[in-house]
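There are 2 protein chains.
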Amino acid sequence: MEEIKPFELTREFADSLKGAIERNDDDFILQSLEGVNPADITETLEEFTTDESKHIISLLDTQIAAEVISNLEEDTLRRFLRVFSPEGIASYIDYIDSDDAADILNELPLKVREEVISSLSSDEKAEHIVDLMRYDEDVAGGIMAKELIKANLNWTVEQTTEEIRNQAENVSKIFSVYVVDDKNKLLGRVSLKKMLLARKGTLIKDIYDEDLISIKTYDEEEEVISVMRKYDLEAIPVVNMQNNLMGRITIDDVIDVMTEQAEEERQLMAGISEDVEEDDSIWMQTRARIPWLVIGLIGAFFGAEVIGLFESDIAAIPIMAAFIPLITATAGNVAIQSSSIVVQSLANKSVFQDSTTKRLTKVIIVALLNGILLAMLAFAISYFRRGDINISLIIAIALSCVVLLASLSGTITPIILDKLGINPAAASGPFITTFNDILGLAVYFAVAYIFF
Amino acid sequence: MEEIKPFELTREFADSLKGAIERNDDDFILQSLEGVNPADITETLEEFTTDESKHIISLLDTQIAAEVISNLEEDTLRRFLRVFSPEGIASYIDYIDSDDAADILNELPLKVREEVISSLSSDEKAEHIVDLMRYDEDVAGGIMAKELIKANLNWTVEQTTEEIRNQAENVSKIFSVYVVDDKNKLLGRVSLKKMLLARKGTLIKDIYDEDLISIKTYDEEEEVISVMRKYDLEAIPVVNMQNNLMGRITIDDVIDVMTEQAEEERQLMAGISEDVEEDDSIWMQTRARIPWLVIGLIGAFFGAEVIGLFESDIAAIPIMAAFIPLITATAGNVAIQSSSIVVQSLANKSVFQDSTTKRLTKVIIVALLNGILLAMLAFAISYFRRGDINISLIIAIALSCVVLLASLSGTITPIILDKLGINPAAASGPFITTFNDILGLAVYFAVAYIFF
Numbered sequence: 001m002e003e004i005k006p007f008e009l010t011r012e013f014a015d016s017l018k019g020a021i022e023r024n025d026d027d028f029i030l031q032s033l034e035g036v037n038p039a040d041i042t043e044t045l046e047e048f049t050t051d052e053s054k055h056i057i058s059l060l061d062t063q064i065a066a067e068v069i070s071n072l073e074e075d076t077l078r079r080f081l082r083v084f085s086p087e088g089i090a091s092y093i094d095y096i097d098s099d100d101a102a103d104i105l106n107e108l109p110l111k112v113r114e115e116v117i118s119s120l121s122s123d124e125k126a127e128h129i130v131d132l133m134r135y136d137e138d139v140a141g142g143i144m145a146k147e148l149i150k151a152n153l154n155w156t157v158e159q160t161t162e163e164i165r166n167q168a169e170n171v172s173k174i175f176s177v178y179v180v181d182d183k184n185k186l187l188g189r190v191s192l193k194k195m196l197l198a199r200k201g202t203l204i205k206d207i208y209d210e211d212l213i214s215i216k217t218y219d220e221e222e223e224v225i226s227v228m229r230k231y232d233l234e235a236i237p238v239v240n241m242q243n244n245l246m247g248r249i250t251i252d253d254v255i256d257v258m259t260e261q262a263e264e265e266r267q268l269m270a271g272i273s274e275d276v277e278e279d280d281s282i283w284m285q286t287r288a289r290i291p292w293l294v295i296g297l298i299g300a301f302f303g304a305e306v307i308g309l310f311e312s313d314i315a316a317i318p319i320m321a322a323f324i325p326l327i328t329a330t331a332g333n334v335a336i337q338s339s340s341i342v343v344q345s346l347a348n349k350s351v352f353q354d355s356t357t358k359r360l361t362k363v364i365i366v367a368l369l370n371g372i373l374l375a376m377l378a379f380a381i382s383y384f385r386r387g388d389i390n391i392s393l394i395i396a397i398a399l400s401c402v403v404l405l406a407s408l409s410g411t412i413t414p415i416i417l418d419k420l421g422i423n424p425a426a427a428s429g430p431f432i433t434t435f436n437d438i439l440g441l442a443v444y445f446a447v448a449y450i451f452f
Numbered sequence: 001m002e003e004i005k006p007f008e009l010t011r012e013f014a015d016s017l018k019g020a021i022e023r024n025d026d027d028f029i030l031q032s033l034e035g036v037n038p039a040d041i042t043e044t045l046e047e048f049t050t051d052e053s054k055h056i057i058s059l060l061d062t063q064i065a066a067e068v069i070s071n072l073e074e075d076t077l078r079r080f081l082r083v084f085s086p087e088g089i090a091s092y093i094d095y096i097d098s099d100d101a102a103d104i105l106n107e108l109p110l111k112v113r114e115e116v117i118s119s120l121s122s123d124e125k126a127e128h129i130v131d132l133m134r135y136d137e138d139v140a141g142g143i144m145a146k147e148l149i150k151a152n153l154n155w156t157v158e159q160t161t162e163e164i165r166n167q168a169e170n171v172s173k174i175f176s177v178y179v180v181d182d183k184n185k186l187l188g189r190v191s192l193k194k195m196l197l198a199r200k201g202t203l204i205k206d207i208y209d210e211d212l213i214s215i216k217t218y219d220e221e222e223e224v225i226s227v228m229r230k231y232d233l234e235a236i237p238v239v240n241m242q243n244n245l246m247g248r249i250t251i252d253d254v255i256d257v258m259t260e261q262a263e264e265e266r267q268l269m270a271g272i273s274e275d276v277e278e279d280d281s282i283w284m285q286t287r288a289r290i291p292w293l294v295i296g297l298i299g300a301f302f303g304a305e306v307i308g309l310f311e312s313d314i315a316a317i318p319i320m321a322a323f324i325p326l327i328t329a330t331a332g333n334v335a336i337q338s339s340s341i342v343v344q345s346l347a348n349k350s351v352f353q354d355s356t357t358k359r360l361t362k363v364i365i366v367a368l369l370n371g372i373l374l375a376m377l378a379f380a381i382s383y384f385r386r387g388d389i390n391i392s393l394i395i396a397i398a399l400s401c402v403v404l405l406a407s408l409s410g411t412i413t414p415i416i417l418d419k420l421g422i423n424p425a426a427a428s429g430p431f432i433t434t435f436n437d438i439l440g441l442a443v444y445f446a447v448a449y450i451f452f
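Order-wise, the sequence lines are chains W and U.
Per the numbering used here, the very first residue in the first sequence carries number 1; after that it's consecutive.
Per the numbering used here, the very first residue in the second sequence carries number 1; after that it's consecutive.
What the hints contain is simulated information worked out from the structure, not anything from laboratory work.
Errors might be hidden in some of the hints.
It does not matter which identical chain is used: a pair holds within one copy or between any two.
[What the hints assert, rightly or not] Lysine-lysine pairs mimicking DSSO-like chemistry, simulated, CA-CA at most 30 Å apart:
hint	residue 1	residue 2
1	Lys230	Lys205
2	Lys200	Lys150
3	Lys54	Lys362
4	Lys419	Lys183
5	Lys54	Lys358
6	Lys216	Lys183
7	Lys349	Lys54
8	Lys200	Lys185
9	Lys173	Lys216
10	Lys194	Lys358
11	Lys18	Lys349
12	Lys362	Lys18
13	Lys230	Lys362
14	Lys54	Lys18
15	Lys230	Lys419
16	Lys200	Lys358
17	Lys230	Lys18
18	Lys216	Lys230
19	Lys419	Lys358
20	Lys54	Lys230
21	Lys358	Lys18
22	Lys194	Lys54
23	Lys185	Lys358
24	Lys419	Lys194
Could you build the full structure based on these sequences and the hints that come with them?
Structure representation (structure tokens):
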């Protein structure tokens, strides 16, 4: 017995395929891809040019090709769609689940979209897709698929099994059968396990489970994620206001959303303004990075103006300048810590949230504690190195004020962004450090000014 | 027909429960919790004291209580375990899946652990748990559960259905039946859908699917996540070196791991050294934040030493000091951008990775482009504000050097950390900004020194 394991994707494999395309050796290509999981073919094609990919896709069985296409990353997909005719796209869409199909159609210009929809072989599919395209991308309706198995309350297990048999080709993954009444209102669900174990002739209404968790079409994707995660669900039915069964969301879509969100947050925290990866072009990388660098630069010039106000003081006591990075670095670190704690608690929204006053009081106490600890340490080190009690006092006082102010700004900024409908993680990035650099410098020199 | 929706958790509900505990009104508590999903009970108990929670748990049906306990967060769980006797814990463990059970036992002191295991009512469960506890937490063996349904190749569909019936209580979620030979070697799987649709008397060997993706007990959790995500799996079988079926990992466990990883990365990037949340105590928050603030502070004192070397220059040209934050802020921003791009590409490991030389060349070109753009801008602004060509030249030259060096250090650090087995996201935190602050200052003053 040979070992069963995921197909091993290698650069050699990709290169041998590329060679075969150049030689026009279609037999070799087909042989190489025989039995390879469509997800692996997709991963390989991500490395190929659009023309190479089109060649390979045209050789594949339509159903496999459809799966390969539906797995592509958004930007590769967009390039792909340009080289296929509307009829070509439609032939693949016939095999793609309605949620992925709607996503693909959303990438197309309006005219092509209409052509693709009118070329679809199934009217039901066309209807499903048009229905799904009405929803925003980030609500449950925009993530759900129309493919699901439902059974009427009064059906027998055999009737339901027959329905599964009829739909088997359309619905690839069945976790449970949703139970509806004559008006398509969602009543509950029956797991396949229960159906398998049921005696012959059993009615659905005698075995179905009423304790069903569902979600509304207009619920936000964060809500979908948190409900599915909390209740460990692999699929969740989606209903409209009237509790009519509209679709279902499966866990793999939720995982995709989670992955996207994690990447988006990482980019926001790092001050990268586009979805950019290491293998993107030099031009894309530069374009993604320059905006926040420029904003940081301009912020720093404002900082320079603040320092410039005290030029004569610095000339008199040049050692003042040596502690500028101490102030700005601490301000930045504290602000990022504070904002990330708030971002975390916004991500895991609890129903048992403390009041704003209570939360801010806590932030202030923590900030005072941290500030005093750091101030004492900074006082000790600077006095030990410089032996100037005035300078050390200024540093200690400025540092505790800066920690307090940076904590407050780091806490409040993500809350405000969230209220404005902006991803609060944006507050944990260069914006907050730039802002706190200027704030910190102002405090430092103000304290120094008062003291001298 | 009433609307079916997730149970609404509110503070009022929690308060009414707390009141009932004080009044010792057990009937009210039981009535309130009737039909409430265990995951919701868990969420409520997270807000209660350990004694209050113990009271509620003791009232619940053991199976529901077990589920409530297994959903608790790690630190709440740890507090809980202290107030139960080993026999009490064992009675719950009887109802908890082996993977969660092993996690719970890992929280216990060795002696209590042995007592709990010897008090378990099922020898098989005890064996399973002991087996699972041998694996590291972050490999497939440490995530998998022993509960699964397997069928011998030569069984009929009816025999397999009977096995499902027998195991129904132990295995809550069945996605597919794993097919093994007489030596427990994994051969493939049969979906429940296929079993339901199969004709009577069909042999498993005639309907099973050989194209099965499995994972090894010793594969790392990142590998588990990436395989399950790539192939859209809701469950994956885990095998040992000899391809014997050892357990299975379900998607809900993978989602938990993903959530944990996202939180860990956020904390690393923000320089928070413990898993701390907004509702944790003031003491915990301070303890989690102070280490990186102190490290940043000490780093800044090194920076101060660098600046101190040029004290007399600053006294002569005090405006030099005004551009210190410009240098340090840009160095930090560039380094964080670079490291986060590397962290991202380490997270989505591609088999088609470019060579190190090619990757570094690209980093250098992007850095030069960014550096030159920023330098030109900084030259223009500083000349416009100050009218001193020398100062503007120093800033421009220093800035482009700093962007280049910060790009390189931001790229290399996470790669080194990853090689050392440390989470590379640690390189996107205060460490990299502190390091680059010092580096930036050294470059800035060195350039200034050469020019004057």
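Taking the hints in turn, this is what the structure says about them:
Taking the shortest Cα distances, Lys230 and Lys205 sit within 30 Å of each other inside one copy (27 Å), while across copies they are farther apart (37 Å). In the homo-oligomer, the alpha carbons of Lys200 and Lys150 lie at most 30 Å apart both inside one protomer (19 Å) and across protomers (24 Å), since each shortest distance falls under that limit. For the homomeric pair Lys54 and Lys362, the shortest alpha-carbon distance between copies (28 Å) is at most 30 Å, but the shortest distance inside one copy (59 Å) is not. Taking the shortest alpha-carbon separations for Lys419 and Lys183, neither the intra-copy value of 38 Å nor the inter-copy value of 59 Å comes in at or below 30 Å.
When the C-alpha separation of Lys54 and Lys358 is checked against a cutoff of 30 Å, the pair qualifies only between copies, where the shortest distance is 27 Å, while the shortest distance within a copy is 60 Å. Proximity of Lys216 to Lys183 under the C-alpha cut-off of 30 Å is restricted to the intra-copy arrangement: shortest distance 17 Å within a copy versus 48 Å between copies. Within a single copy, Lys349 and Lys54 get their C-alpha atoms only as close as 45 Å, which misses the 30 Å cut-off; across copies the closest is 25 Å, which meets it. For the homomeric pair Lys200 and Lys185, the shortest alpha-carbon distance inside one copy (26 Å) is at most 30 Å, but the shortest distance between copies (34 Å) is not.
Taking CA atoms no more than 30 Å apart as the test, Lys173 paired with Lys216 passes in both settings, with 21 Å inside one copy and 25 Å between copies. Taking the shortest Cα distances, Lys194 and Lys358 never come within 30 Å of each other, neither inside one copy (49 Å) nor across copies (56 Å). For the homomeric pair Lys18 and Lys349, the shortest alpha-carbon distance between copies (22 Å) is at most 30 Å, but the shortest distance inside one copy (49 Å) is not. For the homomeric pair Lys362 and Lys18, the shortest alpha-carbon distance between copies (24 Å) is at most 30 Å, but the shortest distance inside one copy (61 Å) is not.
Proximity of Lys230 to Lys362 under the C-alpha cut-off of 30 Å is restricted to the intra-copy arrangement: shortest distance 28 Å within a copy versus 43 Å between copies. Proximity of Lys54 and Lys18 under a CA criterion of 30 Å is satisfied intra-copy only: 12 Å inside one chain copy versus 64 Å between copies. Proximity of Lys230 to Lys419 under the C-alpha cut-off of 30 Å is restricted to the intra-copy arrangement: shortest distance 24 Å within a copy versus 35 Å between copies. Taking CA atoms no more than 30 Å apart as the test, Lys200 paired with Lys358 passes in neither setting, with 60 Å inside one copy and 65 Å between copies.
For the homomeric pair Lys230 and Lys18, the shortest alpha-carbon distance between copies (23 Å) is at most 30 Å, but the shortest distance inside one copy (46 Å) is not. Taking the shortest alpha-carbon separations for Lys216 and Lys230, both the intra-copy value of 17 Å and the inter-copy value of 28 Å come in at or below 30 Å. Proximity of Lys419 and Lys358 under a CA criterion of 30 Å is satisfied intra-copy only: 19 Å inside one chain copy versus 44 Å between copies. For the homomeric pair Lys54 and Lys230, the shortest alpha-carbon distance between copies (22 Å) is at most 30 Å, but the shortest distance inside one copy (42 Å) is not.
Taking the shortest alpha-carbon separations for Lys358 and Lys18, only the inter-copy value of 21 Å comes in at or below 30 Å, while the best intra-copy value is 63 Å. In this assembly of identical chains, Lys194 and Lys54 lie within 30 Å of each other by CA distance neither inside one copy nor across copies; the values are 45 Å within and 34 Å between. Proximity of Lys185 to Lys358 under the C-alpha cut-off of 30 Å is found in neither arrangement, the shortest distances being 43 Å within a copy and 58 Å between copies. For the homomeric pair Lys419 and Lys194, neither the shortest alpha-carbon distance inside one copy (45 Å) nor that between copies (49 Å) is at most 30 Å.
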